[in-house]
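Could you build the full structure based on these sequences and the hints that come with them?
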Amino acid sequence: MNLDAFLELLTQRGQRALAEAEELASRTTSVTAVSTLRRTYSAELASAALTQASLRARAVAKFGEDAARMYFTPDGLEQATRPEVAARRARRMAAAAPGGRIADLCCGIGGDLVALAAAGCTVEAFEHDPLTAAVARANADALGLSDAVTVHTASAADADPRRYDAIFIDPARRSSARRVFDPMAYSPPWPEALKMADVAPAACLKVAPGLPYELVPDGAEAEWVSWRGEVKEAAIWLGGLSGFGGRGAPCAEEPGAAAGHGGTAEGRFLRRATLLPSGVSMTADPALAPAATGPVGRYLYEPDGAAVRAHLVAEIAAEVRGRLLDPHIAYITGDEHVPTPWATGYAILEEIPFSGKRVRQALRERNVGAVTIKKRGFAVDVERFRRDLRLSGDASLTVVLTRIGDRPVALLCEPVPALAPV
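Take any residue in the sequence shown, note its place counting from 1, add 22, and you have its number in this note's numbering.
The hints are simulated quantities; they were obtained by calculation from the structure and are not laboratory data. From a predicted model like this one, the values you see are computed outputs, not experimental measurements. Everything hinted at is true.
Lysine-lysine pairs mimicking PhoX-like chemistry, simulated, CA-CA at most 20 Å apart: (1) 254 / 84; (2) 397 / 379; (3) 379 / 396.
As structure tokens, then:
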């Protein structure tokens, strides 16, 4: 889909083509849909309409009912923030600068800029790709927010961050249809994004959850966000948007360090984890000692991934009055069930020194035919292990594969009710 074809899609004729494409896509093959549309429309418009119909269908899982009114590109849909996550972040930015002017410096298809506008901000957006910028404008218009939004076809470097109350940067993390994991390969690269944020009164940078800790600036707040148990992103809050007040736990270590890390009196940035849609949030406790380790108890807790990324396992262990099975693995055990939104709880039925034969025998004795397999700190091909079990019973269990020190173990477990939906 090129820019001219997309702009034609926004015309009255293009809207008819799009409506026909959506109707055809719902009841016939792609080949038939193409040939039918080309009887009335140009090849370029027919292709653009069918592409947009397909993207809208895919976007329903992320954007819900709004997907039927919005426009997308493949990469833009992939990187776009879930509306619920974007809305929460937008409310926080709007609260810090009521009615303020926000610059969205890498706006993509506009998922965040429409959230900011809906939260009451005036948004000036920048997108270097002409087609993607046109899609962002179309989305602001389609959602009735165009009066609060200006989209420039320009790069982030063309903006002056000092002119705004706050800036938002979501660097592009895809290149040639492949996801980019190295922050230095973001567009703009991480050092350039930080330079822009440094001169703005306040800033929020959306990043991948695996951002190395050493790249988080001093005085920032690093927030990991989980949506229904799946870690979606991290946000780096700076300047007037940061919740840092000199109380954040130091975070010099990498995510592979001890799971039971706690806080100390001093710190260079604040760690936060947030669960959505509930909005429950947790920050590091600077006075908390590292979590203790101890033997397998009656219950197992699997902390939410956002809390693991934020190194808040010690805080969760304290909340459930538990201990770690191993100081380097984020599994907590305890002797009582303490419901918490921060971890999935399991009743431990049996601990088995790991071997495929022993696990298989134990499951067959319990008439288990279906298993959910979880692992941490354990090198095993899960699907091959599942096939090798050759189960045929009526019951179901969760099998947790982990290690305690240098001992590989399997824990046979049953889920217990959560405190509340996350």
